[in-house]
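K.L.:
Protein chains in written order, with the numbering used here: chain A, 14 to 120; chain B, 24 to 837.
Take the hints with a grain of salt, since some may be wrong.
Claimed, not checked - The list that follows gives simulated cross-link-like pairs (lysine to any residue, SDA-like), each with its CA atoms no further than 20 Å apart: (1) Lys35(A) - Trp825(B); (2) Lys817(B) - Pro27(A); (3) Lys61(A) - Gln579(B); (4) Lys824(B) - Val51(A); (5) Lys693(B) - Leu79(A); (6) Lys824(B) - Asp25(A); (7) Lys142(B) - Asp239(B); (8) Lys319(B) - Ala286(B); (9) Lys28(A) - Glu821(B); (10) Lys61(A) - Lys824(B); (11) Lys824(B) - Ala57(A); (12) Lys693(B) - Lys742(B); (13) Lys824(B) - Asp19(A); (14) Lys165(B) - Ala286(B); (15) Lys580(B) - Leu79(A); (16) Lys742(B) - Gly627(B); (17) Lys35(A) - Asp239(B); (18) Lys28(A) - Lys824(B); (19) Lys580(B) - Asp25(A); (20) Lys61(A) - Ala286(B); (21) Lys580(B) - Val99(A); (22) Lys61(A) - Ala642(B).
Said to hold, decoys possible - Pair ranges (Cβ atoms, derived): (23) Asp830(B) - Glu103(A): 16 to 22 Å; (24) Glu96(A) - Ser437(B): 56 to 62 Å; (25) Gly37(A) - Ala813(B): 34 to 40 Å; (26) Glu560(B) - Val106(A): 31 to 37 Å; (27) Asp830(B) - Asp49(A): 48 to 54 Å; (28) Cys667(B) - Glu96(A): 20 to 26 Å.
Said to hold, decoys possible - Here's a subset of chain B near chain A, in silico, CB distances under 7 Å, partners left out: (29) Cys355; (30) Gly541; (31) Ala543; (32) Ala829.
Bear in mind the hints are in silico, worked out from the structure with no lab data behind them. Here a beta-carbon is modelled for each residue, glycine too, at the ideal position from N, C-alpha and C.
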Amino acid sequence: MSNLIDIAALTDIPKRGARVVKTGHGCVAIFRTIGDRVFAIDDACPHKNGSLSEGIVHGNAVTCPLHNWVIDLESGQTQGGEEGSVSTYEITVKDGRILLDTTSLQK
Amino acid sequence: MTQKLVVIGAGMASGRMLEELVDLAPDAYDLTLFGAEPHGNYNRIMLSPVLAGETPWQEIITHDADWYHTNNVTCRFGEDVVKIDRKQKQVISAGGVTDYDKLVIATGSASFFIPVAGKDLPGVVGFRDYGDVEKMLAAAQKPEGRAVIIGGGLLGLEAAAGLHEQGMDVTVLHLMGHLMERQLDPAAGYLLQKELESRGIKVVCRAHTRAILGKDHVEAVVLEDDTIIAADLVVMAAGIRPETRIATDAGLHVERGIVVDDAMATSDPDIMAVGECVEHNETVYGLVAPLYDMAKVLARTLVNQAASFVPPMVSTKLKVTGVELFSVGDFCEGDDREEIVFRDPSRGVYKRLILENDRIIGVVMYGDTADSSWFFAKLKSADDISEIRDTLIYGPAFQGGEAHDPLAFIAAMSGDTEICGCNGVCKGIIVSAINAGAHDLAAIKATTKASASCGSCAGALEQVLAVTLGDDYAASTPQPVCGCTRLTHEEIRQEIKSKALKSIPAVMQECGWTTSCGCATCRPALNYYMIAEWPLEYVDDSQSRFVNERNHANIQKDGTYSVLPRMWGGMTTPDELRAIADAADKYNVPAVKVTGGQRIDLLGIQREDLPSVWADLNAAGLVSGHAYSKGLRTVKTCVGTDFCRFGTQDSTGLGIKLEKILWGSWTPHKVKLAVSGCPRNCSEATCKDVGIICVDGGYEVSVAGAAGMELLETQPLAKVTTEQEVIDLTVAFIQLYREHARYLDRPYKWVAKVGMGWVRERVVDDLQERAELCERFEISQSVYRKDPWAEQAKPEYEQSKWAPLADLILEAAE
Numbered sequence: 014m015s016n017l018i019d020i021a022a023l024t025d026i027p028k029r030g031a032r033v034v035k036t037g038h039g040c041v042a043i044f045r046t047i048g049d050r051v052f053a054i055d056d057a058c059p060h061k062n063g064s065l066s067e068g069i070v071h072g073n074a075v076t077c078p079l080h081n082w083v084i085d086l087e088s089g090q091t092q093g094g095e096e097g098s099v100s101t102y103e104i105t106v107k108d109g110r111i112l113l114d115t116t117s118l119q120k
Numbered sequence: 024m025t026q027k028l029v030v031i032g033a034g035m036a037s038g039r040m041l042e043e044l045v046d047l048a049p050d051a052y053d054l055t056l057f058g059a060e061p062h063g064n065y066n067r068i069m070l071s072p073v074l075a076g077e078t079p080w081q082e083i084i085t086h087d088a089d090w091y092h093t094n095n096v097t098c099r100f101g102e103d104v105v106k107i108d109r110k111q112k113q114v115i116s117a118g119g120v121t122d123y124d125k126l127v128i129a130t131g132s133a134s135f136f137i138p139v140a141g142k143d144l145p146g147v148v149g150f151r152d153y154g155d156v157e158k159m160l161a162a163a164q165k166p167e168g169r170a171v172i173i174g175g176g177l178l179g180l181e182a183a184a185g186l187h188e189q190g191m192d193v194t195v196l197h198l199m200g201h202l203m204e205r206q207l208d209p210a211a212g213y214l215l216q217k218e219l220e221s222r223g224i225k226v227v228c229r230a231h232t233r234a235i236l237g238k239d240h241v242e243a244v245v246l247e248d249d250t251i252i253a254a255d256l257v258v259m260a261a262g263i264r265p266e267t268r269i270a271t272d273a274g275l276h277v278e279r280g281i282v283v284d285d286a287m288a289t290s291d292p293d294i295m296a297v298g299e300c301v302e303h304n305e306t307v308y309g310l311v312a313p314l315y316d317m318a319k320v321l322a323r324t325l326v327n328q329a330a331s332f333v334p335p336m337v338s339t340k341l342k343v344t345g346v347e348l349f350s351v352g353d354f355c356e357g358d359d360r361e362e363i364v365f366r367d368p369s370r371g372v373y374k375r376l377i378l379e380n381d382r383i384i385g386v387v388m389y390g391d392t393a394d395s396s397w398f399f400a401k402l403k404s405a406d407d408i409s410e411i412r413d414t415l416i417y418g419p420a421f422q423g424g425e426a427h428d429p430l431a432f433i434a435a436m437s438g439d440t441e442i443c444g445c446n447g448v449c450k451g452i453i454v455s456a457i458n459a460g461a462h463d464l465a466a467i468k469a470t471t472k473a474s475a476s477c478g479s480c481a482g483a484l485e486q487v488l489a490v491t492l493g494d495d496y497a498a499s500t501p502q503p504v505c506g507c508t509r510l511t512h513e514e515i516r517q518e519i520k521s522k523a524l525k526s527i528p529a530v531m532q533e534c535g536w537t538t539s540c541g542c543a544t545c546r547p548a549l550n551y552y553m554i555a556e557w558p559l560e561y562v563d564d565s566q567s568r569f570v571n572e573r574n575h576a577n578i579q580k581d582g583t584y585s586v587l588p589r590m591w592g593g594m595t596t597p598d599e600l601r602a603i604a605d606a607a608d609k610y611n612v613p614a615v616k617v618t619g620g621q622r623i624d625l626l627g628i629q630r631e632d633l634p635s636v637w638a639d640l641n642a643a644g645l646v647s648g649h650a651y652s653k654g655l656r657t658v659k660t661c662v663g664t665d666f667c668r669f670g671t672q673d674s675t676g677l678g679i680k681l682e683k684i685l686w687g688s689w690t691p692h693k694v695k696l697a698v699s700g701c702p703r704n705c706s707e708a709t710c711k712d713v714g715i716i717c718v719d720g721g722y723e724v725s726v727a728g729a730a731g732m733e734l735l736e737t738q739p740l741a742k743v744t745t746e747q748e749v750i751d752l753t754v755a756f757i758q759l760y761r762e763h764a765r766y767l768d769r770p771y772k773w774v775a776k777v778g779m780g781w782v783r784e785r786v787v788d789d790l791q792e793r794a795e796l797c798e799r800f801e802i803s804q805s806v807y808r809k810d811p812w813a814e815q816a817k818p819e820y821e822q823s824k825w826a827p828l829a830d831l832i833l834e835a836a837e
């Protein structure tokens, strides 16, 4: 059972950028890629909790601003030989609005 | 009035002489350069690799239009000088009459065309200049074309190998009993002939050419023994003759060449000569090292410094890929001479040392020349070799019983051992250049000139790099910017300029990026290059900025930020201090710190508080200190004449002026300045990117210091008398750095690559260039000299950037 919440317009996030949604489980970073794909992952790098929403977004990945770990936005997996992963959340865009599935954020 | 210097001939000797001259005294002469060829000075020695298709023509040009322009040389290329009028002190050329005060004849030499019938037929060429190479390459276009080379010396064999590479059927005709008889003994000549024949090049020794046959174009060469060899191209490589006609006509003393004294003056004291056209002590020179030495001497003569030419010992290497050959010194047999010979016929190796009084006087090596520089060094230093005679021929590896390791040999070499023979650069100079940051061949070439001519010492330079850098060596080969591209930073900056690429996507498209939108390494670099190149047109891409520059504050390890307002020249007021204290209270700032750059840092501010902290500080007149940027950070000062009893100038005032001019500018990496009011140097100016020390009557401006992971004292740029000159020099230096440095290279790293001389030429010596640099900086500052905090604290940013996209905690509570 999904629980989609309209959180913002797609254009509220810059291309190759991110912004955060505050939740009871901490901040979730919402990314928009150059091709207008949207991803939602925890806003904390598995390395030292760096704010991933402040990283440089390239392709479907983000580079953490603290120590340059690269995280794949689709899988939440770290790339380039580092061990670790972050949680990902279901998210879609419909009629220019971003819809986040908050099922796993509500417990 | 400035004296007029006219130079006839734009070859290697004249090019080097001009370089030396503008280095010594850039404004001593009004310079005019005549060249018979339609282009400027280039590296003639490298025509052979151009012919073989191994090196592009563009790479061997040593002086481009920019260089002549920068150094105010009036170029008259493609214009023959027909006469010198010594009475009127004029040269007469196709374009008219040109006056001179001093004249330099550097007409070089011409290919010697053996006097046989048919030598003037189309299809018969010399091998002297790029025009000849173009003709040869055109002839090589013909399928199954046949070339005959007359002359089996250095030049003839390089032409033969090049044309063979280009697919021609090549025959070498040589008058003497073995190839390269001036450099090689018969045994080495024989090995060389065998090697060339195994490649498919035909060699005929003792070949006496009787005539060249053909109606409208060369068709064949006929020898004295009636042998006929068909040919579509005949290359005359039977030697060169000094080009002295113009000097003879002018009544100068000419023998085989134009006779010069030790200072390079001819029989007319206002006329000098240099290069292959001269004769010095009854000797004519054709290799580059002595010509460069002459050029140095002549440049000094022209500025009235005493200098005299001493012929250097020269060695020869054949630039034919895959042929290892080395020869130096005297190798004729004689009663008082002994020799040591090593032969390994199956490997095709031959080494011969000629000894006289237990000293090496000649070396011939074929097939394995790895030890050549060791033997050459022993020859030049005239070492007594009697102790090591038994193993001498086996080279340095056997002199201590150690295993053969070329790196160990290079490591053991003394600092004054010469590595680049063409330019006379010894190991010590190269090691200092590497230690100063020249970490690849190109940088060593730019800073020391080593390998800038024939390039045959490039391998040895690589070894010096390997020995000096140790484990860091692997990284010294040209590195692309990142995994998204194969191009280096320098190549990309070049593409941006030459193709007028004005956006990051345009660069990625044109330069073949392999990723859709780059990565965290290349994007900030490209964004900077765009800003630097197109300040008025390009719009900063904040998504290609590192977090600190995007948020105009420094991110801390816990995700909070530090906020640091600017304090001009380190000066502040009670009101400013109150505003800072109030902000610290209001936003519960956990730490307040005085920094090394004479300012106050507020640490531990929450991201969402940034715009309001800025607004509060702005209200008190404080602006961003850019403590987070690759741009101007601080100008540290001492109190100067205002209060200090030792101060010689108003260092504080000058620091503030500089900071007001420079603030907001983006640079390849951060830039820090300091101004000290006296040589006691309380503001520690001598480890900054730009450091100014006030002295009685003026200012000493020095640049390229470092006090981070590396510690380097600044290098003097210039000593000047006015504040305005200090400001202009500083701005011009920073603009030159902005335009040329690789992103994330501090000035000291960049200067190590381009050389301090290169920087001084542009910033100090060339007043026009200095003014243009300042002007370009000002154009850029018309956009960037502003406070980003004021901008970022506006309400529209508050909503779209600093606030969260949504707050599900609040929504849940409602």
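K.L.:
Quick one: which hint numbers does this structure break? Sort them smallest to largest.
P.N.:
Of the numbered hints, 10, 12, 14, 16, 17, 19, 20, 22, 24, 27, 28 and 29 do not hold.
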